[in-house]
Amino acid sequence: MIKDLVIIDPTRSHNDEDTHKSLVLFHEFGENAGNSNQNDKLNRIGIIQGLWSLTESFGSDTDAEIEKVIELDNEIIIVIKLEDQFFIALSINDYDNLDDIPVNKNKIPYQYYLGHLWLCYKFFVLQHGTFLKFEDNSELTDCLNEHVVTFWNDIYLKPETLIRQGIDVLFPGSFKRSELGDLIGSEPHEEEIDDETWDTMINRKILLQDESYLGIKDILVYNLPSDFNKDKNKNDSESQSRVGTKYFGLVENFCRTFDSLPDISNWIYHLFKQYDNISSHVLAGNTHFTGIPSTENQQNDTTNTIPGEETSNISTFGNRFYHNMTLPISFAYDVVQEVGVTTGVSSSVSYLKSYIPSWTTQSHKNDFIDSPQKKRYGYLISPLANSQLPSNYKMIPMYLKFGTHYDFYNVLFWYFEDILVVIICEKTFDKVWEADYLNDLSFILSLSMEKLYHKVEKVKRPMQENFGYFIVEKGKSVTEIKSSIPSCIGLLKQELNGMSPLNVVIDGWDKLMNQERDNDGIIGLDIMGSLFQIGKPTEKLIKDTKSMNNPYNNTFLDSMEVDKLWILSKELLIFLKSLDKSETRSELVEERLLTLSNGVLCYIKNDNNRLVIILKNWFDSKYDDYPTKETTLFNNLGIDVTSWWAKKKYNLDM
Amino acid sequence: MRVNDQYLDTASNKSIRSTVQSLRGQSAFNVRSRAQPSLSINLDNTIVQTIIPPANTLLNDASEDYDSVHDFPRLRSVQSISSIVSRRNTRPSTTTDQLSVNTSFDPIIEQTYSYDNIQDPSTGKLQDTAFGREVRKNLIDRLAQSIYSFPTSAVGDSHGMKPVVSNEIPDVFIDVESQKSNLKSHDKNFFILTSAGKPIFSMFGKDKEIIPFMGIINTVVSYFQVNESTNIRTINLKRTKQVFAFTVKAPIILMAYSRRGETTNELMQQLDLLYSYLISSINERQLKRLFHNRSNFDLRNYLEVTDFDNLRQICSLLSDKLYPDFTLNALQCFVMRKTERGRIHETIHSLLINDSKTIPRGTLLYGLILSHKQNKFKLCSVIRPKGHSLHTIDLQLLFCLITHQFENRDGDQELWLPICFPKFNSNGFLYSYIKYLSRADIDTGTEDTVLVLISAQKDAFYKMKTFGSNLWDKLQKEKLGQYLIRDRLKFRISDIQAPYIHHFIYKAKKYVQYVMPELEIHNSSPQKLRNYECKLKRYCEHLYSSVVDDNGVPINKTILNYLHWKDTSVNDDDDNNEQEFVEEKIDMMGLIWITPQYELYLICNNGIDNKDIILRSAKRIIHWCKKNEPRLFIQEGATF
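These protein sequences, in sequence, are chains A and B. Just so you know, we're using UniProt numbering here: the first sequence kicks off at 1 and counts up by one. Just so you know, we're using UniProt numbering here: the second sequence kicks off at 1 and counts up by one.
Careful, some of the hints might be misleading.
[What the hints assert, rightly or not] Output of the computed footprint for chain A on chain B, the stretches with three or more beta carbons under 8 Å from beta carbons of chain A: (1) 198 to 211; (2) 374 to 381; (3) 553 to 563.
[As the list claims (entries may be wrong)] Here are a few chain B residues that face chain A, going by a calculated C-beta distance under 7 Å: (4) Arg-233; (5) Tyr-257; (6) Ile-419; (7) Asp-549.
Please keep in mind that the hints were generated in silico from the structure rather than gathered at the bench. Just so it is clear, CB atoms sit at the ideal spot from N, CA and C, and this is done for glycine as well.
Isolated chain A (complex conformation):
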């Protein structure tokens, strides 16, 4: 598990006396938190620098290394170098490489930690800019405490987050693209041939409109279907638009020079995977995990911690903050309770709840919506939010790169069923603060999304594929991932014994919904300051083991048991590592074809432009009757794979 996180900046120290100055952040997790003294911390600085210089002395002069993994007998230290002077070191203890020991069966390989370490930095930059931008060191430390520590604390409390994004996370510089667009495009347009498509509508009616032209830099459309199939009774045929891993991710964006696309996309995916939902609180950064101890206990804990350990202070601060923020609603709750008691209605909360709008996954939507025609949509983060809410509920400033230029932009979030729309505006674009404009924008977006949904629902539901794929498009200016390999959600459920030690902290609401938690979703704040239900609590999901996996059955992997899927993904890690270490000349194409024990055939192709991994069901005999012309490694995968590839219009040079 995560042991500690150290961030150092050696340039701050000028002599032996002031080594401590180079320590930017030192945070320990778990029971031993706060046990290290100053000397230990200084030692840590020394050893990180020592290891770095030792390895540098053997490295080539041209190719600077930015990440190093130090394996100890039972611990791993991951060090990355940022902005040419900062080092972040993450220690993971109880780490054992011997995967065949049953106890360690579910240990998460360090590559996932490494991927998240990069993501953590990228998310920080997204919200605050680079480390170097901070002139005041203590300000940097404060920000790091607020964001980096909470990021890792959430992972510490819920390690499954690490693997929920699957192997995509091993490529932190790239992002997953949804193939929803391809799916729609594959169907011929019939009656609406003259009609404008959903994306041209956004382009014409929003981006190219006079009032918003150049003010709105880009609009990103994400499809975020949930991994959790909660409603087992529902007939599958009803949910035509249900999509799986393949269709998860960015559907479309409109600016071709938006270089921060991977970072913002990964940020959204991370939040979604971590909290299972995207809500205003999650986006505003006010949702975090805490242990099972109640708020009171935590506050007690805080008083016992050693002064100077800032995380505890943060959580206290957070609790207090949210408490204040949600006071009016808590008050309302008290009133309702009181009324309930006096009138003899004991479960008044449910009465209150029925007024709470919710944005959650589709499987849930019918609980709240009478008419299936009516789709739910609205802003999650916008200036329409209650004026009493903090500014980050109204607008999230983000440090983004368009073309060659980095700057802060205002970002708004809007949702439509499973679609999340991110609107990126110039800081100077004041129109976005006008309620009318926002309502118009919301309306146009809803029209566009209606069209998209309509199309998706009309598309013939694709057959289950007997293969899964993972493609990294390296040749593009921004590396993209296309994947239909599901992640191993629910793997660590055994460790949690069906009882999650976690709660999502949105203070005030915890208290409010205490009695209802087991049955209903988490209650959050809607933008208008009204109540907003954002899905089911984590523990409920973890208990629901059977239905957790793979609602869509897009590939044979979706129906695979999570344990087997985990073994498979660990094998993929081995292959990826061996590709990383491969000494094959870069101009050559390297192909591999392996038979794995669990009836899976694995094909890997790596060249300068693309990394392709295809997992094929070995037992699939459906296409055996189709003879292939040549017996190359790729053709061996079967006609379904080769025709899929040809259809994808990729190079046919395989």
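Dock chain B against chain A, hints included.
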């Protein structure tokens, strides 16, 4: 003519294709004009040669008598092949000719590359009675194996280009920097130091270069020991593919550095071997005693010059040579007929039983007869107690010792050496009696053959000596000695009916032994040979690392992995007909097959991308190895 079975045993490295136009029909490279199945040319320092061996019945027929070997001598020289070919001066020129080779090897090839519509390059009729039908069939079978058997090999492609046959393979790996000017430029290095940071050995680098590193290595290791009560294992760098592996065996620290994509496990094993060598020279108890009260002790003063030479040699074998013994943890065996090996073991066994006066029970622990050629040892015979065997690392250390002890000695000398076998007992010594039974002689065709007798008794030299000479006398008397001193049954890849395969290594896990064909490189330059070995080594290592995790554990108990390298870049040279030779594009395949019984590493010829054919060849090799198991491996040895 319809050729059903095509054995393509060739392709080219630097893969050279002749672009000689038909105008230059008389050129030495023109396959059409000569129609010779053998060509030997030297182009751009790459010798390209085709050899057509005769049907090798030596290994295929278990009942084959030794004498028959001489009846059908192996054809190696170009001249001898030419002479055979000249006797068979024709090849069918019309499609009416019914000569075919029907081994029904590959129906796909049969369809695709039928020779029906190919004009035969040679002229005349097939009337050679000297070669009967069977011989002709065999020859064409061999020919098909040996030439580039795409239709264009005979008629040329649209440009009239015809392939010239080569038996070499291209290199698909990043070029290793040949000029190694400083410590940084070496892509692999080993360091051994004491816990006090004093250098003991480094593969490359002078003292003044390495001493600063020793300091840092020592600090890093000590930090984790003191502060974290743990040991550092590795440092992995992704972008530059560097790996640093550490082994801490107080009072010794070892570090390996590599940019070659090796797994942690491989490097750890290599460090273990180096440490084992140190222990074999001074045992663990002595080592600890030396450092007990003097942590600052300089071990370099204690070790001998030969120790450093041996360490250097081990490092070189680990880094630059095709020496699968280490990577596979197995030994290579001297090929011998089952009956011969059986008789030898029987003779040794009976001598052990009957000669108990010379050698009382318990005196002899182990005995080995080894064949030694170019620093590589092959196991001829093993004498061991029932249920016991020596670890391969111990044996490797023994081989190292023999190499160096006899480097400047007369072969007639005998040695009585104390050696610690670390995997047997790291705290004590065993004593080895070593004697050369024969020395290499090209004229008589003998190889270096060594007898090693190991005893736990310090004063058993004379007993061992007597037993050794009795043993050799008896073997000679029984006319078994000749089987040990002449390597008659060594085989080449073309001796196995496994088309398209360039090289393979087969390890029988049960016997901890492996087998591979003789390397064929038609260039005597040591540098060329080293490069070639290095190339094969890299292929095998790449195959291995594609299926094992960092701890060296294969991803499954049974794995079959194909690898394919292809150059897809557009070659401008194709348009340039003026150019005489163009390098053929890389289109290489390899295969690794691991099962609980065996491991097979296969490297194919260039130009082959048909997976099924490779698999069939792989199966043939496995079948061949299994069939010839008693010849290729020592199964039991002389046990007592």
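Quiz item: At a Cβ distance under 8 Å, does chain A reach at least three residues of the region 553 to 563 of chain B?
Solution: holds (count 10)
Self-check item: chain A contact restraint for Arg-233(B) - C-beta distance below 7 Å
Solution: Holds, about 4 Å.
Self-check item: Restraint satisfaction for Tyr-257(B) [CB to CB of chain A, less than 7 Å]
Solution: holds (6 Å)
Practice problem: With a C-beta cutoff of 8 Å, work out whether three or more residues of the region 198 to 211 of chain B approach chain A closely enough for the coverage to hold. | Solution: Check failed, 0 qualifying residues.
Self-check item: Supplied contact hint for Asp-549(B), tested at 7 Å Cβ to chain A
Solution: holds (5 Å)
Self-check item: Claimed coverage, the region 374 to 381 of chain B by chain A - three or more beta carbons nearer than 8 Å
Solution: violated (count 0)
Exercise. Would you check whether Ile-419(B) satisfies its interface hint, that is, whether its CB is within less than 7 Å of any CB in chain A?
Key: Given a least distance of 31 Å, the restraint on Ile-419(B) is violated.
Checked against the numbered hints given earlier, the structure breaks hints 1, 2 and 6 and satisfies all the rest.
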